[in-house]
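J.: Using the sequences and the hints, build the whole thing.
Top line first, the protein sequences correspond to chains L, Y and R. Here the first sequence stands for residues 1 to 514, numbered as in the numbering used here. Here the second sequence stands for residues 1 to 311, numbered as in the numbering used here. Here the third sequence stands for residues 1 to 298, numbered as in the numbering used here.
No lab work stands behind these hints: they were computed from the structure. Accuracy of the hints is not assured; some may be wrong.
[Unchecked claim] Okay, the calculated beta carbon distance ranges per label pair:
(1) R:D64 to L:R258: 15 to 23 Å
(2) Y:L17 to R:A200: 35 to 43 Å
(3) L:V88 to Y:L26: 51 to 59 Å
(4) R:E184 to Y:A173: 53 to 61 Å
(5) R:D287 to Y:L26: 38 to 46 Å
(6) R:V161 to Y:Y65: 22 to 30 Å
(7) L:D261 to Y:V161: 26 to 34 Å
(8) Y:G134 to R:I191: 45 to 53 Å
(9) Y:L26 to L:P118: 27 to 35 Å
(10) Y:V161 to L:D153: 53 to 61 Å
(11) R:D64 to L:E466: 34 to 42 Å
(12) Y:G160 to L:D289: 57 to 65 Å
(13) L:D289 to Y:E54: 42 to 50 Å
(14) Y:H28 to R:A203: 36 to 44 Å
[Claimed, not checked] A few chain R positions that, by computed beta-carbon distances, are all more than 12 Å from chain L:
(15) D22
(16) G47
(17) A200
All C-beta atoms in this analysis are idealised placements derived from N, C-alpha and C, irrespective of residue type, glycine included.
Here is how the chains run, residue by residue.
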Amino acid sequence: MILARRAIAGGLIALALAGCAREPGTSSTLELALETAPNRLDPAFVVDVAEGEICALAYDGLVGFASDGSLAPGVARDWTLEDGRRYVFHIDRRARFSNGRPVAASDVIASFERVLAPATGSPRAWVLERIRGSAAFAAGDASGVAGLSAPDDSTLVIELDEPFAPFLSMLGLPAARIVDTRAPLDANDLPAGAGPWVISEWARGDRISLVPNPYHARRARGIDGVSYRIIPEAFTRVAEFESGSIDVLEIPDAEVGRFRDDPRTASRVMRRPELRVFYVGLNNQRFTDARVRRALNLAVNVDQIIRVLAGGDAIAAHGSIPPGLAGYRERPGAGYDRDEARRLLAEAGYPDGLSIEIWQRESTEGNRIAEAIQGYWEEAGVHATLVRREWSAFKQAVSAGKVDAFLLDWFGDYPDAENFLFPLFHSSNQGGGGNRAFFSDPEVDRRIEAASRIPDADERAHAYAEADSLIYSHFPWVYLYFPTTLHIASERIRGYRLPAIYLGNDFSSVVKQP
Amino acid sequence: MLAYTVRRLLLFIPLMLGVATITFLLLHVLPGDPVLSMVGERYDAETIARLRTEMRLDAPLYERYADYLRDLARLDLGRSYVTGKPVWDSIRERFPQTLRLALAAMAIAVLAGVTIGVLAAWKRGSPFDYLLVGGSVVGVSMPVFWLGVLLIYAFSMRLGVLPASGYGGGRIAYLLLPAVTLAAASTAYVARITRSSVLDEINETYVKVARAKGAGEPRILVRHALRNALLPIITVVGVDFGSYLSGAVLTESIFAWPGLGRFTLDAILKRDLPAIQGAVLFMAILFMLVNLAVDLLYARVDPRVKLGRSS
Amino acid sequence: MSAPAASARVPSRPLAVPAALDFIRRLQAHRAGIVGVVLVLVVVMGGIFAPWITPYHPTQISMDDALLPPGPSHPFGTDAFGRDVLCRVLYGARFSLQVGVVSRLLALFIGTFLGLIAGYFGGKTDQAVMRLADVTLAYPGLLLLIAVMAAVGPSRTALFVSLGIIGWAGVARLVRAQVLSLKEREFVTAIRSLGATHAAIIARHLLPNVVTPVLVIFSMGLGASIMAESSMSFLGLGAQPPQPSWGSMISSGLDYLRVAPWLSLAPGLVITATVLGFNLLGDALRDMYDPRLGRPRR
Chain L
1 MILARRAIAG GLIALALAGC AREPGTSSTL ELALETAPNR LDPAFVVDVA EGEICALAYD
61 GLVGFASDGS LAPGVARDWT LEDGRRYVFH IDRRARFSNG RPVAASDVIA SFERVLAPAT
121 GSPRAWVLER IRGSAAFAAG DASGVAGLSA PDDSTLVIEL DEPFAPFLSM LGLPAARIVD
181 TRAPLDANDL PAGAGPWVIS EWARGDRISL VPNPYHARRA RGIDGVSYRI IPEAFTRVAE
241 FESGSIDVLE IPDAEVGRFR DDPRTASRVM RRPELRVFYV GLNNQRFTDA RVRRALNLAV
301 NVDQIIRVLA GGDAIAAHGS IPPGLAGYRE RPGAGYDRDE ARRLLAEAGY PDGLSIEIWQ
361 RESTEGNRIA EAIQGYWEEA GVHATLVRRE WSAFKQAVSA GKVDAFLLDW FGDYPDAENF
421 LFPLFHSSNQ GGGGNRAFFS DPEVDRRIEA ASRIPDADER AHAYAEADSL IYSHFPWVYL
481 YFPTTLHIAS ERIRGYRLPA IYLGNDFSSV VKQP
Chain Y
1 MLAYTVRRLL LFIPLMLGVA TITFLLLHVL PGDPVLSMVG ERYDAETIAR LRTEMRLDAP
61 LYERYADYLR DLARLDLGRS YVTGKPVWDS IRERFPQTLR LALAAMAIAV LAGVTIGVLA
121 AWKRGSPFDY LLVGGSVVGV SMPVFWLGVL LIYAFSMRLG VLPASGYGGG RIAYLLLPAV
181 TLAAASTAYV ARITRSSVLD EINETYVKVA RAKGAGEPRI LVRHALRNAL LPIITVVGVD
241 FGSYLSGAVL TESIFAWPGL GRFTLDAILK RDLPAIQGAV LFMAILFMLV NLAVDLLYAR
301 VDPRVKLGRS S
Chain R
1 MSAPAASARV PSRPLAVPAA LDFIRRLQAH RAGIVGVVLV LVVVMGGIFA PWITPYHPTQ
61 ISMDDALLPP GPSHPFGTDA FGRDVLCRVL YGARFSLQVG VVSRLLALFI GTFLGLIAGY
121 FGGKTDQAVM RLADVTLAYP GLLLLIAVMA AVGPSRTALF VSLGIIGWAG VARLVRAQVL
181 SLKEREFVTA IRSLGATHAA IIARHLLPNV VTPVLVIFSM GLGASIMAES SMSFLGLGAQ
241 PPQPSWGSMI SSGLDYLRVA PWLSLAPGLV ITATVLGFNL LGDALRDMYD PRLGRPRR
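T.: Structure representation (structure tokens):
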């Protein structure tokens, strides 16, 4: 999923958790900043990155993600896979909810059924719908999910309809996180979780504070709290970091050079390629001529966009699987060739160029990229108009296939190439499923499906890489780049690790010096 | 005065109905689908259809309007689509911050405005006067968002004396920059009104003094002048106070102030219909209440003002 | 709030040239007014003659020249796309002035029309119009504007219409107050007894009498309209890129405040100067022609 807006980690010398005045410098709360206020933190309702990041702190799943993005044990100590579709999980006996109650296999079943039950109204039931019997349960035809069983308190069996290799990774998503369905909701209307942190205060629009879960094995030792402040303007977030009241800042693109090239700050800058790709989706039902799609790629100088607008720290995308995922391949790109673009357009029947609307949603970095693309296309004779809409109006039009082209980015929810190719290019996902370019190719569909059934990880990665090459040769998008995120920590912070995916934070290694 | 107040309050009902209807129609006619803001990037058609039914978005417009009015009559603003919380709870949570900022801005506008106005009148014609008057005219003409940025740049980033943003758990230091930003334009108006009132009074007093050969006590002079300036100041500050309460969207955004304006802006960007409707209605009522208060205050201060003559 | 009673004014339609001479004569005594006129003229001329003043193109990108500091070839520097900031400020004046003037005119037409009708006919018509005005005034206008723009998409037309609709109520109240006092004066009563139609009375005798205060209100509101436009553009809901607009230049410049402060400083100064110009001019017009008018609602 791509996030409406990005979560930003920042940290700050804190105001005390309850909002009472404590002098800066005495607290060891790690203060972070968010660009947009999370709406829901209950795992069943979490849909964006900011929400997911905080949700992952308070709620453990059967599995979770380490900061390098690899799969890590959660409340499940270990697991085995039989026939490619039967998982047996062993619940960690030490796992406890923040109210002290031990996590049992039946809690996992109850949590999953909660997400699947229509009465809950979760928008993320699709995460669990590959479990056998989930559809019958959701339709009310069965009292339980047939594919979920608990032979004893510490053993959980999950059966799928058919083998699906990425399933294990999907169990790390917020919707598959475990909640205590027996205890009442807390003061913030949230269920108790079994994560390393507990959401202690939720002042909407202002801040969210977390304290350690005393029962968690990986609870942080070096800090006594985490606090997220909501600061909408990038300019203000930087000011807060510079004035010393934020510990960790996600550096805005415009300021990357300033922090990275200054010897006083350079050593504290951390960088990590994101599992994310920026692209201009072309309406493949409208631009059916491959020459036109290729020309639109040729007309954009991606390297220059990266250098000037993205702080020089991004990788040009010649495919949709980002570096950092198995399945990424370096491959030669179309390049930047304005004359060739003009020639192709003329050949395709547009000697005088053509007019295209590029839809975009509100986002600072997106706005700049769109403006640059508009400028490049103009030079190649493609007259582009930028159309900016709020998120839901944007989605409504784009998912209905009503637009020529749109600028968007895609975040990996779980570290698997499947999470890029299947939603973005499989013909069954046209529209709301993620394939908003309305790309459709039977061979591509077949390869994506086949890859998800390959048990061997290397073979699977190879199959995805091949499929990605095939897709790239069709130019369903104007491929832009894989961004790199840069964070800077204040001098008082030690052990802050930049997670490879937004669900991979736990801050267990962070120490804040007084 | 009581009868007048009751009549004005009764008049609120049709006005509220008008505001509620406009908001409702506008929001339901504009493109964009609230369900789509709830589901994240990846969703399927069944989820959308199910949510739409649950939210009664597939009912005909007139039925939804009737539902909305029925809920309103029961003083129920509904639940937010995105947070699932009652809208009234969110408003109650955010309003104190907005009120705090508005009161601080009003206090600054009155105190600083009157002080500047009196000083300028006292030193009339001097470079000091020109500086103050000129400064106040420029102050009115500056876009608030730009002023806010300049203040953060100067006081937080360069000088490092004031926090750049946030509510800060209610500490005064956090209130200063946003309040000054918000108050700038009103301060300038109050200063100009005060200055001209004091000048009028000085002129009048000179006439009296010349006639009676008595001494003009400066303090009395200022007090007289201020009484004259009171009505226009109440008007200016009252109208501005009403708009501060409507949430200073820009100021709240720049300073990450968790008030009602920011709340409504977020709701708009997320298509959270109940939240937008509730917040807009609440603001409109506040605005009308403040106007009523201003009119009552008017009659209090100046017995010549007759209430109820014209709206 | 009570509206000031309008004084008697003889219906007259001064010719344009004597009116201009009269304006200049009165202006000479008003120093702040002169400053206002000069500021406004500079901005208007800058907008009109932009293509002759600057050799650059406002929307053509040239990424190799990105973020150049102010210098001889780029007095205000260049932006993140290598475009000349001065050039964009000049072209931005066109957009701001256009939106300001058109939306204000629209507010004026609606407000004058409804104000005339309400004041002249009175009774139920008056009640209906004035209640509608009350609703409009109580409505949080900026939020309304944001909601409309975010959903239908920002466009010049949408800005014209929304800003115009927000501004009509103040004008209507003023016009109505003027008409109420005129209506009872002998000449109107006399004309009516002679059998003139309502339309004729309104058009020939009432309208000319409200022209002066309405013009004063017009110029006083222009600054506010331009400010509203820049606020919307600042929020990304006004001018659409690559169309240059002051508000959007400030907002996109903010990200570069520390590396390229000229990006937001230059347009900010220009907005301030322009609004200042219109405010001074509006105040001067009020002092010169109609000292009883208060300040306009913002």
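J.: If a hint holds in the structure, say so; if it doesn't, say that too.
T.: Hints and how they fare:
1. R:D64 to L:R258: 15 to 23 Å: 20 Å, holds
2. Y:L17 to R:A200: 35 to 43 Å: Because 37 Å falls inside the window, the suggested range holds.
3. L:V88 to Y:L26: 51 to 59 Å: 55 Å, holds
4. R:E184 to Y:A173: 53 to 61 Å: Holds: the Cβ-Cβ distance is about 58 Å, inside 53 to 61 Å.
5. R:D287 to Y:L26: 38 to 46 Å: 39 Å, holds
6. R:V161 to Y:Y65: 22 to 30 Å: 24 Å, holds
7. L:D261 to Y:V161: 26 to 34 Å: 28 Å, holds
8. Y:G134 to R:I191: 45 to 53 Å: 48 Å, holds
9. Y:L26 to L:P118: 27 to 35 Å: The hinted range 27 to 35 Å holds for L26 (chain Y) and P118 (chain L), with Cβ atoms some 32 Å apart.
10. Y:V161 to L:D153: 53 to 61 Å: For V161 (chain Y) and D153 (chain L) the Cβ distance comes to about 59 Å; the hint holds.
11. R:D64 to L:E466: 34 to 42 Å: 38 Å, holds
12. Y:G160 to L:D289: 57 to 65 Å: Taking Cβ atoms as reference, G160 (chain Y) and D289 (chain L) lie about 58 Å apart, which means the hint holds.
13. L:D289 to Y:E54: 42 to 50 Å: Distance hint for D289 (chain L), E54 (chain Y) holds at roughly 43 Å.
14. Y:H28 to R:A203: 36 to 44 Å: This hint holds: roughly 39 Å between Cβ atoms.
15. D22: 47 Å, holds
16. G47: Since the minimum Cβ distance to chain L is about 22 Å, G47 (chain R) lies beyond 12 Å and the statement holds.
17. A200: 48 Å, holds
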